[in-house]
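S.K.: So the chains spell out like this:
2 protein chains.
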Amino acid sequence: MIDLAAEFYDQFASGEVPEMTLPTRTKSNIEYDEESGVWVYGDRTSTRSANSVRGARKLLKATYTIDFLARQLEEGRSSTLRELYYLSESWETEDAAFSSQDESNQLIEDLEIVADVTREDFHMRPEESGATLMGPLELREQTRRGERDIHCQEDVGEGGYQIPNNPDTIEFLDHDIDFILCVETGGMRDRLVENGFDTDYNALIVHLKGQPARATRRITKRLHDELDLPVVVFTDGDPWSYRIYGSVAYGSIKSAHLSKYLATPEADFVGIQPEDIVEYDLPTDPLADSDVNALESELEDPRFTTDYWKEQIELQLDIGKKAEQQALASRGLDFVTDEYLPTRLDEMDIL
Amino acid sequence: MIDLAAEFYDQFASGEVPEMTLPTRTKSNIEYDEESGVWVYGDRTSTRSANSVRGARKLLKATYTIDFLARQLEEGRSSTLRELYYLSESWETEDAAFSSQDESNQLIEDLEIVADVTREDFHMRPEESGATLMGPLELREQTRRGERDIHCQEDVGEGGYQIPNNPDTIEFLDHDIDFILCVETGGMRDRLVENGFDTDYNALIVHLKGQPARATRRITKRLHDELDLPVVVFTDGDPWSYRIYGSVAYGSIKSAHLSKYLATPEADFVGIQPEDIVEYDLPTDPLADSDVNALESELEDPRFTTDYWKEQIELQLDIGKKAEQQALASRGLDFVTDEYLPTRLDEMDIL
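Residue numbers (this note's numbering), protein chains in the order written: chain A, 3 to 353; chain B, 3 to 353.
Next comes chain A alone, as it looks inside the complex:
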């Protein structure tokens, strides 16, 4: 980023109009990369130039922001996107203040792309914190107050280990994990912990808490990559939950530049599968119109074009029903840990 500011300086010095070049960040310039299995930007680029007042202001804001980020890193501090937006009001040049948080968010995304790092690397914390881990993992977290060595079963309460905003401060010390089980809902996460599924099966239970925060996706990816562990995702059986799986596995269109940091393309889907709804005769709700539309758009989504997903989604449209994870309780509180998960994980060659 300092190089980018230096480039502006050189452009000024040589009498050129300063500019910066970025991949075009529109839907039409985002492609699904078959090889890596994640979303990436295409070849088209856009140029931000100081050849208009509006363009000059954009580069001014970028310069102030780079200055702020450089100082923040030097001082070992951090801040949130929202704080950056408000903080810009205190900058000496009034024209450098952001007019909306959308504007500052977008600039930070631009800088992520230019610098080829994540915003956590320049100490911008996400607004929303990650969820929790429970399982046979010992880790070391670098905190501002020193190192903390924490075993994610023995040193934590039933709530588990709270993932920090920037999980890259974590080092994995030791583990006895066979696979990573990402769980959508708190009710199911608590059921698995109560039933001792993490100890019985050496599973690391990652609570996704609905659509997972960046920190949760990042630590899942690191666990997969660094410890060479399989990742499986266990959600409700409806189109919105399939998207939760999709965001763990393939990333999102909105943050295509982050896929390589956040996405785990090898992650597999456990269920609830439409097939399970039929096989186990689970209590269901009828599909709403919005569910049907979402399923139909998933049929067009490159992330869901496998035979497996086509079959499941068409089955779901056919039966017109959806079911929650906790619907498995209709067969008793232990059904999920005694029957359902062992059967599914065996089918998936995880067990």
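It is worth saying that the hints were derived from the structure and are not from the lab. Think of the CB as a built atom: it goes at the ideal place given N, C-alpha and C, for glycine as much as any other residue.
On the chain B side, residues computed to face chain A include the following (Cβ under 10 Å): (1) 91; (2) 131; (3) 209; (4) 211; (5) 330.
Computed far set for chain A versus chain B, every beta-carbon distance over 12 Å: (6) 6; (7) 31; (8) 34; (9) 39; (10) 50; (11) 57; (12) 58; (13) 111; (14) 117; (15) 230; (16) 245; (17) 249; (18) 302; (19) 316; (20) 323; (21) 352.
Under the rule of at most 30 Å between Cα atoms (straight-line distance), these lysine-lysine pairs were calculated in the DSS-like manner: (22) 60(A) x 323(B); (23) 323(A) x 312(A); (24) 60(A) x 262(A); (25) 312(B) x 262(B); (26) 323(A) x 60(B); (27) 262(A) x 312(A).
Using the hints, position chain B against chain A.
M.R.: For chain B alone, coordinates are given in the frame of chain A:
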């Protein structure tokens, strides 16, 4: 609850139609109790009687549920409200299955009132887990895997200690806390932790995470009652955030029977006050119509009829603006911990 089931039996045996009596749970039978400072039920009662098929079914469901809860307690297990609803499909009498989750939720609330305990006492876990603690507190949590002694600064990462679903499994061992600071947003919670506010001021920082979960309110109340510590609440400066303060301090109409377990009437409001918006010239958003309506209904709310709230709410309606906690960053990232909180807490006689 067993007594209640025994009563049904006796009523049957003596040839009476079984029935149970409960306080009427409508808005008109809920009163603000000036003395205790929380919402309570009035004197009106309703009777659930088996003199109709519908009424008989209700009592049948109650009996099955009591049986389930008694077994759950015996076995040292727990479950969620949603699991109970699904589980009822597995009961041998088909008529005992709940037709909706509203029905099972309501029955559990009835049983809380009849038994005069919280549903956590009969091991019904909330669906949504509590948030986190950070500060000079050492506690012991009874987990299914044994006791865990945890210091909420030294034994946790930057994410803090995750409050378990039932905080009554916690014993407070030792502390160096001067006051409890409940914070609405994650961004502000992280700012306070980064700036070391908990260590500099011996504050226990409780993250409310928006409208606080039961577990968060319960542990706040226990900390206040058992350790005799002042509680202050720090939120955004808008009517919805004042309600968050209200739910910590006075409980909600919906769960009036739980006020004595969950509410901390002595909790004080730090801000953002409408007065702060003016005094510190904070970046604001204009009040939407829904904000104005909410403020006007707060003027009628017995929880907000003090001179202080009347003045603040009228000022806010007058200036037509609201501000977020993080808007304090417009004066620099340290303003909140170096200036704003020390000044306010001094005014409030906390420091």
